[in-house]
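Chemist: Take a look at the letters that make up each chain.
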Amino acid sequence: MSHEYVAEIATDRDGKEHVVQGWQDDFYGGKLGFWLFMFTEVMMFGAMFLVLAYYNTLHPTDFINASASLNRWLGGTNTVILLVSALTMGLGLLKMRSGDIKGAKLMIWATIILALLFLGIKAIEWTAEYNHGVFLGLDALQSGNEHSKPFGEILFFGMYFTMTGLHGFHIIIGIGLMLWLMKRINTGKVSPEHHILHWNIALYWDIVHLIWVFVFPYFYMIGAAATVTGGHGGH
Amino acid sequence: MVDTNINYEIEKKKYYKVLLGLLLLTAITFGLPTLFEAGANLPAQMFVAVLKAWLILMYYMHLKGDKLIGLMGIFSLALVLVFFVIVIGFDVANFQFFAESHITSATPTAH
Numbered sequence: 001m002s003h004e005y006v007a008e009i010a011t012d013r014d015g016k017e018h019v020v021q022g023w024q025d026d027f028y029g030g031k032l033g034f035w036l037f038m039f040t041e042v043m044m045f046g047a048m049f050l051v052l053a054y055y056n057t058l059h060p061t062d063f064i065n066a067s068a069s070l071n072r073w074l075g076g077t078n079t080v081i082l083l084v085s086a087l088t089m090g091l092g093l094l095k096m097r098s099g100d101i102k103g104a105k106l107m108i109w110a111t112i113i114l115a116l117l118f119l120g121i122k123a124i125e126w127t128a129e130y131n132h133g134v135f136l137g138l139d140a141l142q143s144g145n146e147h148s149k150p151f152g153e154i155l156f157f158g159m160y161f162t163m164t165g166l167h168g169f170h171i172i173i174g175i176g177l178m179l180w181l182m183k184r185i186n187t188g189k190v191s192p193e194h195h196i197l198h199w200n201i202a203l204y205w206d207i208v209h210l211i212w213v214f215v216f217p218y219f220y221m222i223g224a225a226a227t228v229t230g231g232h233g234g235h
Numbered sequence: 236m237v238d239t240n241i242n243y244e245i246e247k248k249k250y251y252k253v254l255l256g257l258l259l260l261t262a263i264t265f266g267l268p269t270l271f272e273a274g275a276n277l278p279a280q281m282f283v284a285v286l287k288a289w290l291i292l293m294y295y296m297h298l299k300g301d302k303l304i305g306l307m308g309i310f311s312l313a314l315v316l317v318f319f320v321i322v323i324g325f326d327v328a329n330f331q332f333f334a335e336s337h338i339t340s341a342t343p344t345a346h
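Protein chains in written order, with our numbering: chain A, 1 to 235; chain B, 236 to 346.
Just so you know, not all the hints are guaranteed correct.
Derived pair list, reagent style EDC-like, types lysine to aspartate or glutamate, alpha-carbon separation capped at 16 Å [claimed, not checked]:
1. K31(A) / D206(A)
2. K31(A) / E146(A)
3. K31(A) / E272(B)
4. K247(B) / E41(A)
5. K299(B) / D100(A)
Restraint ranges, calculated between C-beta atoms of paired labels, are given here [unchecked claim]:
6. F37(A) / G324(B): 51 to 57 Å
7. A334(B) / D26(A): 54 to 60 Å
8. H132(A) / M293(B): 37 to 43 Å
9. F319(B) / T40(A): 17 to 23 Å
Don't read these hints as lab results, they were simulated from the structure.
All C-beta atoms in this analysis are idealised placements derived from N, C-alpha and C, irrespective of residue type, glycine included.
One chain only, chain A, in its complex shape (with noise of 0.2 Å):
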């Protein structure tokens, strides 16, 4: 079943019938309220990073041995996925736009596929963390035992353990959106000429992709210096 809309009619007290203003075909309307639902996840996260660059001030070297005992070769690889992802989104989206609907499903599918790979080697990355015991909960990220991190590094994990996880989660919420998203597509309310649903999705993989683009420097790369240079070791 296609997606028509049927204007709703008001009778006057003339009797006289008047189309009533109908939104469904308002395009930027649309735009421009998930754009202010995309600036709610700007404070959010933006909060969070007021929080670490506020402890990295006060634990400088903590921070630079901590982030140089992640893996940067799994934290690139993972950027270099979402790049991609954000690649294929754009394109499924053009090729909506340009009326190639099942090439705009064939690029979501490559989407949900490399986003469920970013997923992959987060778990992977975080097993091997927690196998080295550092990991939310265990001792070395909590103060005051013998097998406890300096006080900045366990702040460093701890922002490390919930900024990762919850970018996590908003892949798997957009892992969520684009199955969605395909349900609409093939049910026909998502068309090239009614493409909103298809245009905010997009926008909200790229704020996930945009998120990653300051998580992924500030934890794995400004430790980064200290091991080219030799200043101290992983784990």
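Could you slot chain B onto chain A? The hints should help.
Modeler: Showing chain B alone in chain A's frame:
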């Protein structure tokens, strides 16, 4: 209803060019630690991240040419920067409870 009259081939080229730019900047991200000491590495990394963010916002998120949303973005960014300056530059620099706070009392550089 929106205009669906777009040229896929032309638009696709733009997307690939942006991807190339982003990949290049990612490669630079990995090269920066060899150029900068640990202290200067963070600002350099953030600068490259801002460049990447600009490319994503302008081309992938279609902000180029969209004045209203662009202005909203600049306004929001300005607000965040003001908070960063106030919180990190002023409030934290003049924090009065360094010894009492659990987080700051463990700081080796506490004043």
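Chemist: Take the hints in turn and mark each one as holding or not.
Modeler: Outcome of the hint check:
Taking the CA atoms of K31(A) and D206(A), the gap is about 14 Å. The hint holds against a cut of 16 Å. With a C-alpha separation of about 53 Å, the suggested pairing of K31(A) with E146(A) is violated against the 16 Å cut-off. Between K31(A) and E272(B), the direct Cα distance comes to roughly 43 Å. Violation of the 16 Å bound is thereby established for this hinted pair. A threshold of 16 Å between alpha carbons decides the hint, and for K247(B) with E41(A) the separation of about 28 Å lies outside it, so the pair is violated.
Note on K299(B) and D100(A): the hinted pairing is violated, with a Cα-Cα distance of about 24 Å set against a maximum of 16 Å. F37(A) and G324(B) have their C-beta atoms about 30 Å apart, which leaves the hinted 51 to 57 Å range violated. Distance hint check: the CB atoms of A334(B) and D26(A) are about 57 Å apart, consistent with the given range 54 to 60 Å. For the pair H132(A) and M293(B), the supplied restraint of 37 to 43 Å holds, since their beta-carbon distance comes to about 40 Å.
For F319(B) and T40(A), the hinted distance range of 17 to 23 Å is satisfied, since their beta carbons lie about 18 Å from each other.
In this structure, the earlier hints numbered 2, 3, 4, 5, 6 are contradicted, and the remaining ones agree with it.
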